[in-house]
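Novice: For reference, the chains in residue letters:
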Amino acid sequence: MDRLNSEVKKEINSLDFTTKEHSKRCAEIADKVASYLGYDEKDRSFLVNAAAIHDVGKRFIPEEILNKDGPLTENERVIINKHTVYGYIFCIKNEVLREYADVARHHHERLNGTGYPDKLTAEQIPEKIRIISAIDVYEAVTSPHRPYRDSVSHKEAVEILKSNVERCELEQKVTDVVIKVNGIELERKERIEKILSVGQYNDKFKIGKDPNVNEEYKRQANLILKKGEWKGISSDIEVSANLLKMNYSKHQIIMALKQNSPEIPGYEKGLQLNYANAVLKEASRNISLSKGLDLRR
Amino acid sequence: MKRSEDFVESPEYTYGKIKSAVETALKLANFDDIPPLVKPTFSISEEEIKLLEEKVRQTLIKNDNAAGVEKSEKYNSFLEWSVRIGVNYMLENEDDPILQYYLKEIRKREDKDG
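For the record, the sequence lines run as chains A and B.
First residue of the first sequence: 611, per the working numbering; consecutive thereafter.
First residue of the second sequence: 39, per the working numbering; consecutive thereafter.
Keep in mind the hints are simulated off the structure, nothing from the lab.
The reader is advised that the hints may include incorrect statements.
[Said to hold, decoys possible] Quick list of in silico lysine-lysine cross-link-like pairs, DSSO-like style, CA-CA up to 27 Å:
{"#": "1", "chain 1": "A", "residue 1": "Lys678", "chain 2": "B", "residue 2": "Lys109"}
{"#": "2", "chain 1": "A", "residue 1": "Lys652", "chain 2": "A", "residue 2": "Lys790"}
{"#": "3", "chain 1": "A", "residue 1": "Lys678", "chain 2": "B", "residue 2": "Lys40"}
{"#": "4", "chain 1": "B", "residue 1": "Lys40", "chain 2": "A", "residue 2": "Lys790"}
{"#": "5", "chain 1": "B", "residue 1": "Lys40", "chain 2": "A", "residue 2": "Lys772"}
{"#": "6", "chain 1": "B", "residue 1": "Lys77", "chain 2": "A", "residue 2": "Lys703"}
Use the sequences and the hints to build the structure in full.
Specialist: Right, here's the structure in full:
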């Protein structure tokens with residue numbers, strides 16, 4: 611069970627926003643935002659690269675200040691804030707990176723003019739920079755931060771971003787999109803966690819032998835049904851494939867799927883096992899296909 | 039409720055961003071043409087400029103190493119290009135706080151060495 615739990619944590623972390631390579635997360639979110647906003651390939655590519663490169667100026671900040679474990683002095687804060695200008699200089703001096711120079715310089719500007727380094731106001735900040743700013747704030751508050759090295763939840767991050775919008779720092783439209791695309795990812799994570807909770811419970815207490823345990827199992831199953839409505843077969847296939855990769859038994863997955871499937875429109879009771887088996891078969895096939903693709907790389 | 043500016047980035051977060059930025063820059067661009075050193079707009083000796091260059095180089099190396107940036111032949115020219123870009127900016131901006139930070143260290147050391 612301990613091994614299983616560590617595998618579960620690994621899987622959850624892979625969906626989480628607290629990984630080491632945060633700019634990759636920034637780029638991934640930027641890609642989803644671009645897609646959501648219907649950007650063409652050129653604009654989408656720009657936004658993804660800009661999200662990845664916007665903090666390049668931090669390389670120039672003395673390590674002892676960049677990495678200081680404690681409150682910064684005023685001068686140290688001024689030095690850290692210079693990363694925007696160094697990022698700009700770095701990009702503007704390179705023919706290819708020149709197009710990202712303004713993003714590097716202005717991603718800490720705020721609509722109400724309280725940002726840095728140039729205290730720009732709303733009309734002076736282009737949409738793509740506003741998007742990078744919103745992604746950057748979301749990433750900053752959901753990352754492991756000092757002093758607790760803990761991250762806030764998506765829900766708390768949403769509240770913080772909304773307060774930024776209320777203070778006229780971030781733009782409502784782009785902030786809403788950033789929240790939405792992250793929310794979709796979070797739903798996926800929560801769904802896996804819910805199904806896992808039933809699967810683990812099954813494994814631990816051997817359903818059917820103890821009436822009290824049966825009641826608890828029903829309670830947990832109901833919790834899933836009430837909180838999470840059926841998201842479609844493709845979602846179930848994806849979740850099942852992840853569980854298979856984590857070495858969950860087919861029995862455990864079928865039990866979880868069965869409990870989670872009565873809400874399927876037009877689906878009669880008793881056919882849940884058929885549905886669960888079909889989903890599991892497709893999940894296995896997807897895993898085999900992805901392994902095949904990996905081999906061809 | 040906490041405000042976004044209340045959150046102090048962890049080193050993992052900061053260096054994760056640096057790694058991704060460097061990898062993206064290396065993927066997109068070339069850094070073979072290193073610009074010449076500019077003429078300083080304020081009084082600074084050649085020896086101090088060399089020490090300044092070394093300070094900037096060491097900062098970049100430390101940060102890139104901490105970020106886990108992979109070293110390659112392209113990285114070497116990228117590093118030297120970055121050093122020159124940073125130093126040139128400093129030599130044209132006497133008030134730059136990073137320049138002042140390094141100069142303070144350099145001059146403190148010079149005083150100590152007599």
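Novice: Against each hint, give a clear statement of whether it holds in the structure.
Specialist: How the hints compare with the structure:
| no. | hint | verdict |
| --- | --- | --- |
| 1 | Lys678(A) x Lys109(B) | 25 Å, holds |
| 2 | Lys652(A) x Lys790(A) | 23 Å, holds |
| 3 | Lys678(A) x Lys40(B) | 21 Å, holds |
| 4 | Lys40(B) x Lys790(A) | 21 Å, holds |
| 5 | Lys40(B) x Lys772(A) | 12 Å, holds |
| 6 | Lys77(B) x Lys703(A) | 17 Å, holds |
When held up to the earlier numbered hints, the structure conflicts with none and fits them all.
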